[in-house]
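> My numbering puts the first residue of the sequence shown at 21, with every later residue one more than the last.
Hints may be right or wrong, so weigh each one.
Stated by the list, open to error - Here are the simulated BS3-like pairs of lysine-lysine, each with C-alpha atoms no more than 25 Å apart in a straight line:
| # | residue 1 | residue 2 |
| --- | --- | --- |
| 1 | Lys467 | Lys398 |
| 2 | Lys467 | Lys508 |
| 3 | Lys499 | Lys294 |
| 4 | Lys300 | Lys499 |
| 5 | Lys61 | Lys294 |
| 6 | Lys398 | Lys61 |
| 7 | Lys506 | Lys467 |
To be clear, the hints were calculated from the coordinates, so they are not data collected in a lab.
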Amino acid sequence: ITVFALLILGLLFTVRAWILGRISGWLSSALSGQLISAGLKSSLQGLPGGSQPLRELGQLQAFIGGTGITALFDSPWVPVFIAVIWMMHPWLGVLALLSAIALFVIALVNELLTREPQKASNEDQSRAYQFAETAMRNAEVVQAMGMLPGLLSRWHRLHGSALDQQGIAGSRGATILGLSRFVRLSVQVGILGLGAMLVLAGELTPGQMIAASILLGRALAPVEQSIAAWRGFVGARGSYERLQELLHAMPQQAPNIALPTPQGRIEVSNVTFKPAAAEKPILRGVSFTLGPGETLGIIGPSAAGKSTLCRLLVGVWPPTIGAVRLDSAEVHTWNREEFGQHVGYLPQDVELFAGTVRENIARMIETHDDTEVIEAAKLADVHDMALRLPNGYDTQIGVAGALLSAGQRQRVGLARALFRNPRVVVLDEPNSNLDRLGEAALLRTLKTLRANGTTVIVVAHHASILEAVDKLLLMRDGKAEAFGPKDKVLAHIGGGGPVQTGDGPALPVPVSQGPSGGC
Numbered sequence: 021i022t023v024f025a026l027l028i029l030g031l032l033f034t035v036r037a038w039i040l041g042r043i044s045g046w047l048s049s050a051l052s053g054q055l056i057s058a059g060l061k062s063s064l065q066g067l068p069g070g071s072q073p074l075r076e077l078g079q080l081q082a083f084i085g086g087t088g089i090t091a092l093f094d095s096p097w098v099p100v101f102i103a104v105i106w107m108m109h110p111w112l113g114v115l116a117l118l119s120a121i122a123l124f125v126i127a128l129v130n131e132l133l134t135r136e137p138q139k140a141s142n143e144d145q146s147r148a149y150q151f152a153e154t155a156m157r158n159a160e161v162v163q164a165m166g167m168l169p170g171l172l173s174r175w176h177r178l179h180g181s182a183l184d185q186q187g188i189a190g191s192r193g194a195t196i197l198g199l200s201r202f203v204r205l206s207v208q209v210g211i212l213g214l215g216a217m218l219v220l221a222g223e224l225t226p227g228q229m230i231a232a233s234i235l236l237g238r239a240l241a242p243v244e245q246s247i248a249a250w251r252g253f254v255g256a257r258g259s260y261e262r263l264q265e266l267l268h269a270m271p272q273q274a275p276n277i278a279l280p281t282p283q284g285r286i287e288v289s290n291v292t293f294k295p296a297a298a299e300k301p302i303l304r305g306v307s308f309t310l311g312p313g314e315t316l317g318i319i320g321p322s323a324a325g326k327s328t329l330c331r332l333l334v335g336v337w338p339p340t341i342g343a344v345r346l347d348s349a350e351v352h353t354w355n356r357e358e359f360g361q362h363v364g365y366l367p368q369d370v371e372l373f374a375g376t377v378r379e380n381i382a383r384m385i386e387t388h389d390d391t392e393v394i395e396a397a398k399l400a401d402v403h404d405m406a407l408r409l410p411n412g413y414d415t416q417i418g419v420a421g422a423l424l425s426a427g428q429r430q431r432v433g434l435a436r437a438l439f440r441n442p443r444v445v446v447l448d449e450p451n452s453n454l455d456r457l458g459e460a461a462l463l464r465t466l467k468t469l470r471a472n473g474t475t476v477i478v479v480a481h482h483a484s485i486l487e488a489v490d491k492l493l494l495m496r497d498g499k500a501e502a503f504g505p506k507d508k509v510l511a512h513i514g515g516g517g518p519v520q521t522g523d524g525p526a527l528p529v530p531v532s533q534g535p536s537g538g539c
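The whole structure should be built from the sequences, with the hints applied where relevant.
The structure is reproduced here in structure tokens:
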């Protein structure tokens, strides 16, 4: 009978561990995609994000799938064991109850003494990881300018602070754990002594004395195990709270109604944009309208708000005031997957993904037609370049496209923006890393897009690109100083000082500055 009971006990432990493992895996599958999305949104707003939510989820998974959580499941049985001991003899029950209360008080003291240091350690460790990630993303700059010693010094300072707090929490936890073990072992010896006295007095049998000792050990074990696993519990609880905060701050967007394929009409209505941490707006009262198939060139000095305007046009950020619309629908309210099918975007800093040239041009979509990739590559004039790579389109380009030159990355990014012939294409200084031949190819691409009826917005880095545009928008200090047909804007140029569009020739500023949105 005893062997059968122990066999059932072992099977129940196995089933519980199996269920917890499955729950841990299910939690990862259910939340990882949502956390990546929330992390991306958080990063776009300049808040801590990136891969940190996935690390938090990993810590929560490790606790759920580990042994620490089992002590919490065993804790509700403590009153049952004490009640059985009480039924054997009230004095034994009183001793068991007092010992359980003592251990619970010790556990409470452990929580009070270790909660704040452990929380501070987790926060400092998170900052240290984020700093290290930033340094690794900028490995080229770090290596070129010998910044590693300074970065390591700062990382050691952040990491050292985390270790100091962790050491405080660990030493306090170790002291509490030693005290709890002393109390449990002392009580187990004490219950044998008390049981022996009751046996000699004829109030208890020797079998009951031994059973009471075993039951008391089973009753107090979960409490002691909880104290031992408390650090993991505090870490998991902190991760849970931070994930809850992130998911509440960055909720999933409800599915929007499927909109028809846009014609490509862009409306920017009195747009003002001010980041949460900024003191003044980057854009102020910008307004213009672009018809389907028109090509707009955006010019202006540095810090005029050109790149910010591009991000608003593709819905990366919502405007603080005003609206940006694609065919009358505000761009940041579109379903992002549907919106991406109609819009191509080449940012100023081109980011590629670890994979092949083909995968990057196809926007990492697994179910694509290779002819679509080749068509986009030819339109961006990178087909011949891709064929000359060691494995052609299947050449691995490394993390962030590290195995390609800056110009090659920019041209692959352009092909990615043109994948599947989007109706609207936004290019932020697409020729910043191109040579003369690359600029000529880009100019041919812009002319082809205009001939195909694609709406194109391009931030002009060199004045030569303006040959392919229909309209011009002059930006200065976050305002639209001039907008209209290219010939009229250029004809409006008077005796003002020149405005630099990049590294290329400068364009003069109009003397007469009309209202935002006018020539």
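> Now look at each hint and say whether the structure bears it out.
Now the hints, each set against the structure:
1. Lys467 to Lys398: Holds: Lys467 and Lys398 sit about 14 Å apart, inside 25 Å.
2. Lys467 to Lys508: Given pair Lys467, Lys508 holds - Cα atoms ~20 Å apart, limit 25 Å.
3. Lys499 to Lys294: 13 Å, holds
4. Lys300 to Lys499: Status holds; Cα separation ~13 Å.
5. Lys61 to Lys294: 17 Å, holds
6. Lys398 to Lys61: Outside the cut-off at roughly 33 Å; violated.
7. Lys506 to Lys467: Satisfied, since the Cα-Cα distance of roughly 15 Å is no more than 25 Å.
In terms of the numbered hints stated before, the structure departs from hint 6 and from no other.
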